[in-house]
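Undergrad: Chain by chain, the residues run as shown.
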Amino acid sequence: MKITDAVHRVDSAGKLRGETKYIEDMHFDNLLYAKTLRSKVAKGRIIRIEYPELPKMIFIVSAEDIPVNNEVAMIEREMPIFANEQICYLGEPIALIVGEDKDAVLSYMSKIKIEYAEEEAECDLLLAAKKPDQLITERAYEKGNLSEIEFDEKFTETFETTYQEQLYMEKQGVVGTVEEDVVTVYGSLQCPYYVLNALKHAMGMDEKNLRVIQTPTGGAFGGKEEYPSLLACQVAAAAYKLKRPVRLVFDRREDIAFTTKRHPSKTVITSYIKNKKVIGMDFDMMLDAGSYLGLSDVVMQRAIFTMTGAYQFENLKIRGRTIRTNNVFTGAFRGFGAPQSMYGLELHMSHLAKRLGEDPLSFRRKHYVRQGDLTATNGRFNEEIYLDRLTDLLENMSGYHEKVSKKSSLTGYGVSVVPHGGGFTGDGEAVHIKAVVKLKKEVDGMVTILVSNVEMGQGAITTLTKIVATVLEIDMDGVQYQNPDTFFVPDSGPTVASRTTMVVGALLAKAAAKLKDRMNEPGEVMITEHFKQPDYVKWNAETNQGNAYMAYSWSVLLVRVEVDPISYEVKCTDIWGAYDVGVPIDEKLLIGQIQGGMVQGLGYAIMENMTSKDGGIEQIAFSSYPIPTTMDVPKMHADWILNPYSDGPFGAKSVGELTLVGVAPAVASAIEDAMNIVTFEIPVTPEVIERSLE
Amino acid sequence: MVEHYRPKNLTEALEWMAERKLIPVAGGTDLMIRARNWQGASRAMKGDVVYIQHLEELKFITETETDYHIGAGVTQAQFYDCKLLPDYAREVVGQMATPAIRNAATIGGNIVNAASVADLLPLLYAADAQIVLKSRDGQRVLPIQSFEIGKYMTARREDELMFEVILPKLKIKKYLYKKMGQRRSSILSKVSFLAIEVEGGTRIAIGAVNDTVVRSKELEKRINEGGGVKSVLDGYKALLNGSDDKRSTKRYRERVVINLLMKWMEEKR
Numbered sequence: 001m002k003i004t005d006a007v008h009r010v011d012s013a014g015k016l017r018g019e020t021k022y023i024e025d026m027h028f029d030n031l032l033y034a035k036t037l038r039s040k041v042a043k044g045r046i047i048r049i050e051y052p053e054l055p056k057m058i059f060i061v062s063a064e065d066i067p068v069n070n071e072v073a074m075i076e077r078e079m080p081i082f083a084n085e086q087i088c089y090l091g092e093p094i095a096l097i098v099g100e101d102k103d104a105v106l107s108y109m110s111k112i113k114i115e116y117a118e119e120e121a122e123c124d125l126l127l128a129a130k131k132p133d134q135l136i137t138e139r140a141y142e143k144g145n146l147s148e149i150e151f152d153e154k155f156t157e158t159f160e161t162t163y164q165e166q167l168y169m170e171k172q173g174v175v176g177t178v179e180e181d182v183v184t185v186y187g188s189l190q191c192p193y194y195v196l197n198a199l200k201h202a203m204g205m206d207e208k209n210l211r212v213i214q215t216p217t218g219g220a221f222g223g224k225e226e227y228p229s230l231l232a233c234q235v236a237a238a239a240y241k242l243k244r245p246v247r248l249v250f251d252r253r254e255d256i257a258f259t260t261k262r263h264p265s266k267t268v269i270t271s272y273i274k275n276k277k278v279i280g281m282d283f284d285m286m287l288d289a290g291s292y293l294g295l296s297d298v299v300m301q302r303a304i305f306t307m308t309g310a311y312q313f314e315n316l317k318i319r320g321r322t323i324r325t326n327n328v329f330t331g332a333f334r335g336f337g338a339p340q341s342m343y344g345l346e347l348h349m350s351h352l353a354k355r356l357g358e359d360p361l362s363f364r365r366k367h368y369v370r371q372g373d374l375t376a377t378n379g380r381f382n383e384e385i386y387l388d389r390l391t392d393l394l395e396n397m398s399g400y401h402e403k404v405s406k407k408s409s410l411t412g413y414g415v416s417v418v419p420h421g422g423g424f425t426g427d428g429e430a431v432h433i434k435a436v437v438k439l440k441k442e443v444d445g446m447v448t449i450l451v452s453n454v455e456m457g458q459g460a461i462t463t464l465t466k467i468v469a470t471v472l473e474i475d476m477d478g479v480q481y482q483n484p485d486t487f488f489v490p491d492s493g494p495t496v497a498s499r500t501t502m503v504v505g506a507l508l509a510k511a512a513a514k515l516k517d518r519m520n521e522p523g524e525v526m527i528t529e530h531f532k533q534p535d536y537v538k539w540n541a542e543t544n545q546g547n548a549y550m551a552y553s554w555s556v557l558l559v560r561v562e563v564d565p566i567s568y569e570v571k572c573t574d575i576w577g578a579y580d581v582g583v584p585i586d587e588k589l590l591i592g593q594i595q596g597g598m599v600q601g602l603g604y605a606i607m608e609n610m611t612s613k614d615g616g617i618e619q620i621a622f623s624s625y626p627i628p629t630t631m632d633v634p635k636m637h638a639d640w641i642l643n644p645y646s647d648g649p650f651g652a653k654s655v656g657e658l659t660l661v662g663v664a665p666a667v668a669s670a671i672e673d674a675m676n677i678v679t680f681e682i683p684v685t686p687e688v689i690e691r692s693l694e
Numbered sequence: 695m696v697e698h699y700r701p702k703n704l705t706e707a708l709e710w711m712a713e714r715k716l717i718p719v720a721g722g723t724d725l726m727i728r729a730r731n732w733q734g735a736s737r738a739m740k741g742d743v744v745y746i747q748h749l750e751e752l753k754f755i756t757e758t759e760t761d762y763h764i765g766a767g768v769t770q771a772q773f774y775d776c777k778l779l780p781d782y783a784r785e786v787v788g789q790m791a792t793p794a795i796r797n798a799a800t801i802g803g804n805i806v807n808a809a810s811v812a813d814l815l816p817l818l819y820a821a822d823a824q825i826v827l828k829s830r831d832g833q834r835v836l837p838i839q840s841f842e843i844g845k846y847m848t849a850r851r852e853d854e855l856m857f858e859v860i861l862p863k864l865k866i867k868k869y870l871y872k873k874m875g876q877r878r879s880s881i882l883s884k885v886s887f888l889a890i891e892v893e894g895g896t897r898i899a900i901g902a903v904n905d906t907v908v909r910s911k912e913l914e915k916r917i918n919e920g921g922g923v924k925s926v927l928d929g930y931k932a933l934l935n936g937s938d939d940k941r942s943t944k945r946y947r948e949r950v951v952i953n954l955l956m957k958w959m960e961e962k963r
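Quick mapping for you: the protein sequence lines, in order, are chains L and B.
All residue numbers for the first sequence refer to our numbering, where the first residue is 1 and numbers rise by one.
All residue numbers for the second sequence refer to our numbering, where the first residue is 695 and numbers rise by one.
Hints were generated in silico from the structure; no laboratory data involved.
Note that the coordinates shown come from a computational prediction; the quantities given were computed from them, not determined experimentally.
Beta carbons are placed, not taken as given, at the ideal position from N, Cα and C, and that holds for glycine.
Hints may be right or wrong, so weigh each one.
Claimed, not checked - Just a few of them, taken from the derived set where beta-carbon distance is under 8 Å, the chain L residues facing chain B:
hint : residue
1    : Asp251
2    : Lys516
3    : Asp517
4    : Ser567
5    : Met607
6    : Asp614
7    : Ser623
8    : Ser624
9    : Thr629
10   : Met631
11   : Asp632
12   : Pro686
Stated by the list, open to error - Straight-line C-alpha distance at most 27 Å; calculated DSS-like pairs for lysine-lysine:
hint : chain 1 : residue 1 : chain 2 : residue 2
13   : L       : Lys440    : L       : Lys516
14   : L       : Lys111    : B       : Lys740
15   : L       : Lys438    : L       : Lys2
16   : B       : Lys863    : L       : Lys40
17   : L       : Lys277    : L       : Lys317
18   : L       : Lys571    : B       : Lys868
19   : L       : Lys200    : L       : Lys434
20   : L       : Lys113    : B       : Lys863
21   : L       : Lys403    : L       : Lys571
22   : B       : Lys867    : B       : Lys915
23   : L       : Lys56     : L       : Lys130
24   : B       : Lys957    : L       : Lys571
25   : B       : Lys740    : L       : Lys102
26   : L       : Lys438    : L       : Lys532
27   : L       : Lys571    : L       : Lys407
28   : L       : Lys354    : L       : Lys317
29   : L       : Lys200    : L       : Lys241
30   : L       : Lys407    : B       : Lys957
31   : L       : Lys130    : L       : Lys317
32   : B       : Lys863    : B       : Lys715
33   : L       : Lys571    : B       : Lys944
34   : L       : Lys113    : L       : Lys241
35   : B       : Lys867    : B       : Lys957
36   : B       : Lys915    : B       : Lys868
37   : B       : Lys865    : B       : Lys957
38   : L       : Lys143    : L       : Lys274
39   : L       : Lys538    : L       : Lys143
40   : B       : Lys911    : B       : Lys931
Could you build the full structure based on these sequences and the hints that come with them?
TA: If you want it as C-alpha cells, here you go:
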C-alpha cells in the first residue's frame, strides 16, 4: 500500500455510531453546573455587585477565588480570568454561578444586581485606529527600496473583511475536578499544554498537581486554540474551591457572541507597475484585536510575512497593526491572518490584470516565485516550487481557456494563487514550541503514540497512526493513540498552524524508524524524539527577517459563479483546485480538507456576514449567521502534484489551512466578472453587489 | 412553574382555553426555540401551554367547488405533498425551512405566529384567504388581512384556536414566486415576493419587508389598467417601510422588489 492510499478513519466508527462521549455526555459523580455571569456593558467599571443571600447549593466563583494570579497566561497576561473592576468588552466574565440545579442557578442569577460606571466604548476599528492609545502592536519591514524605484503607474486599493465565526459543531466545554491533591481539567480543546501553562500561572501549582485531559473535540478551527485556557482556569478555580466537579458548557448563542473569531481587517495596498509588471508594493494592514491582544499579534505576523503570496516583488514596504477596541476579543481561526491578507492581495492582483488587459493567470505567472528566490522577509525559498506546473494542472483540469473565452453573461470566473506556510512562524518551532514526541512499544507489542496533538475532526489520529504503522511496516491496528493527558504525553506542541502532520508527523516518523530496529526487544521500549530546526531556517524576531516558514504548500483555484440579475444572489457552481501539499498522507483525508476548506471559504466569501454593534455581535444565531448548507455547495474538483518535502513525513507538507485561504478572493473575482463590478469587501453579499452596480 | 395541558380532542382544548389562559403549541418549531434556555434547564415558556399537534380534528385537507380547506394542524410537509393543492401554493411551502422542520411545523403555526418573515402569508394575502377560528362559544371567519394585525400579532382571542385556512380556488394563468434569503435553503426570508395572474388581473404580495405583508389592490388595478410603470413602482416604493437589520438592508429589499415588479410587468406586456 502506498502512503497516499485512502484508509478508514480511526475515529469515524465511534462517532458515526454515537458511541463517542463528548464533554457534555460524560458522567462525573456529584457534578455541579456553572453558568457565566457576564458584563452588560462594553466598557466601564463595576461599582458594586449585589449578590442576594446564597441559597443552599448555589455558589459564586469570582476573581477572589483564583488561588494565585487572576490572569490568563497566553503570550501576554493582560486578560483576567474573571473581571476585576474594569470591564473591557460586552459579556466579559465576572463570575461563575454554580449549582446542582440549572433552574435554581438561573433564578439566582436573575436577582443579581450589578452597578456600572459606564465609559464610552471604542467599537469601530477605523475610528480606533486613529487614536494612538488604541494601538497594541505594530510591525514593519522593508525589502529593496520602494521610495527610489522608477515606475509607470501606481495603483492603490483598500480592502475590508468582517468577522468569521468558527461555528464548530461542539460548543466550548470544560469540566474541572479535584481528586486528592490534583486539579484536573477535561475539555474540548486543541492545545492541552497551553491550558496546562495557563493553569500553572493561575493556580500556582506545577504539572504534578495539575492535569489536562483533552476530550473528543467536535470541531475547533482555531476556536479552541487559546479560548479554552480562560474557561479551564475558571472551572479549575471553581472545582478547587468547591471540591466537586464543575462543568461549564456554553449555549450556542453564548458561544457565538462571546468567544474568539476571525479578525475584522482593513488593508491598503499600493502597487508600483513598470512594463506591466509589479515591481513594488506597499502593504498596510490593521486588525481589530478586540479588548485583549490574545494571539492577535501572531495572527498579524502570519498575515504580513507572506503578504506577497506566490509572487516575487523586489521592493516592499510592509506594515501591520493590531488595534484595541471594546469588541469581543478576536483570535485563532483556520488561516490565521492569511485569509485577510490573501483576500486583499489576490483580488488586487485580479484587478491589476484587468487594468492591464491581461489574463489573470498569465499575469500572475509573470510574478511567480522560484526555488532560491528571496522571500518577502529576505529568507530563501528552500524547496522546489512548481507554480507553473500547478497552474498548468488547473488550466487543464478545468478547461480554463475555453471556459473563459466562451463564458455567457451573468456567469463569471475568478482565480487565486496562494501559499500557506506549515508550522509556526519563523523559528517558533525551535524557540517556543520545542516539540517532543514519544513512541512506546508495550509489553504485548502494541505501539503507543504519545503526543499532545488532538483529533478535532481533521483526521490527525488517522494520519499519525498511518505514518507510524507505515514506517514500522505493521498494520494500523498495531498502533494506538489515546486522547492527550498531560500526565502521560509529552508536549509536542499545539494542534494549530497546519503543523500536526508536517512537524509532529515527521518526529513520529523518525521515532518509528528508531523503534523499528528494537521491535523484537522484550518488555517496553520508549523512543523520544525532539524537534531540531532545519539548517536552512534562519530567523531574526527583532527585525522580522529570515525564513518566515520552513516550507510552503500551494494552491491554484478557479471558481465559477452565476449571479441572478434580479436578486443579485450568487450561485457558486464549481470550484477547481490544484494543490501542492508535498505528498498527501492519505488522499481521502486530503480531499476532506480540500472540500471543507472550499465550503468554509465560500461562506467567508459570500454569506458569513458578522457585524458588531455597540460592542455586541449582531448575528448570534444560526438563523442570522448563515453558513453554507449542502444546497449552497458547488461541484468541487481537486487534483494535486507530488512534490516531496525533505523534512516532512513521507514528503508531506501542510494542508489544513491552505484550502480555505484562496477561496474568498477567487469567488469575489468571479462575481465581479459576472456582474462587471469592482468590490472591496467580503462577504460579497447580494447587498454588496447591488451597491457596487453604481 | 408552567402547567402543560394535553386535551383528548378539540372540544376539550376549547373548553380549557375558555377557562384559562393557555399558549397553544402545535409543531413547536418556533415556540420551543423562542422558549430557549440554558440547555438542561426548563424551557422558558411565557405561560401555561396546551398541546394541539395530536388533534385529528385539525388535520384535514378538503375541497369544495370554490375553495380548499386546510386544517391548522396540517404540517408543511403534508401541504407540500398534497397534489390536490395548486402548484404555486406548494412551491411556496416547499421552500420553507428544511425537510425535518416541515415535518413538524404546521400551517396554522406559521399563520398564527404572525412573524413578519412568515413565508405562507404572502401566498394567503395574494389568494384572499380566510382564517377560521373556533372557540367554545362559536366560530369566526376573518379575511387574512384582518387576522394579521402586526408583527407577531393577530386578531385571535385568547379563547380561540385557529381551525382552518380557506384558500379560494383561483384560475392561475401565471405566477412568479421568489424567496430571497442569506443562503439557498434553511433560512429566513429577507424578502419574499409572489405575483399571480388570475381572472381579473394581477395580484402582488410582498413579505418580510414590512411588519405585515404588503398588498395593494389600488396598485394592482393600476397595473391591470396598463398604468405607467413609474407610477406603479413609486406606489410600491411608498408602501415599503423596511429597515436595515442584521440580515439585510432597506435599500436592497426595495431594489429587489422593484426588480421583480419590473420583470413581472415586462412579462405581462
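Undergrad: Work down the list of hints and note, for each, if the structure agrees.
TA: Here's how the hints hold up against the structure:
| no. | hint | verdict |
| --- | --- | --- |
| 1 | Asp251 | holds, 6 Å |
| 2 | Lys516 | violated, 49 Å |
| 3 | Asp517 | violated, 52 Å |
| 4 | Ser567 | holds, 5 Å |
| 5 | Met607 | holds, 5 Å |
| 6 | Asp614 | violated, 13 Å |
| 7 | Ser623 | holds, 6 Å |
| 8 | Ser624 | holds, 5 Å |
| 9 | Thr629 | holds, 5 Å |
| 10 | Met631 | holds, 4 Å |
| 11 | Asp632 | holds, 5 Å |
| 12 | Pro686 | holds, 6 Å |
| 13 | Lys440(L) x Lys516(L) | holds, 11 Å |
| 14 | Lys111(L) x Lys740(B) | holds, 19 Å |
| 15 | Lys438(L) x Lys2(L) | holds, 25 Å |
| 16 | Lys863(B) x Lys40(L) | violated, 53 Å |
| 17 | Lys277(L) x Lys317(L) | holds, 17 Å |
| 18 | Lys571(L) x Lys868(B) | holds, 26 Å |
| 19 | Lys200(L) x Lys434(L) | holds, 19 Å |
| 20 | Lys113(L) x Lys863(B) | violated, 58 Å |
| 21 | Lys403(L) x Lys571(L) | holds, 17 Å |
| 22 | Lys867(B) x Lys915(B) | holds, 17 Å |
| 23 | Lys56(L) x Lys130(L) | violated, 51 Å |
| 24 | Lys957(B) x Lys571(L) | holds, 20 Å |
| 25 | Lys740(B) x Lys102(L) | holds, 18 Å |
| 26 | Lys438(L) x Lys532(L) | holds, 15 Å |
| 27 | Lys571(L) x Lys407(L) | holds, 15 Å |
| 28 | Lys354(L) x Lys317(L) | holds, 24 Å |
| 29 | Lys200(L) x Lys241(L) | holds, 16 Å |
| 30 | Lys407(L) x Lys957(B) | holds, 24 Å |
| 31 | Lys130(L) x Lys317(L) | holds, 20 Å |
| 32 | Lys863(B) x Lys715(B) | violated, 36 Å |
| 33 | Lys571(L) x Lys944(B) | holds, 23 Å |
| 34 | Lys113(L) x Lys241(L) | holds, 23 Å |
| 35 | Lys867(B) x Lys957(B) | holds, 16 Å |
| 36 | Lys915(B) x Lys868(B) | holds, 17 Å |
| 37 | Lys865(B) x Lys957(B) | holds, 21 Å |
| 38 | Lys143(L) x Lys274(L) | holds, 17 Å |
| 39 | Lys538(L) x Lys143(L) | holds, 17 Å |
| 40 | Lys911(B) x Lys931(B) | holds, 15 Å |
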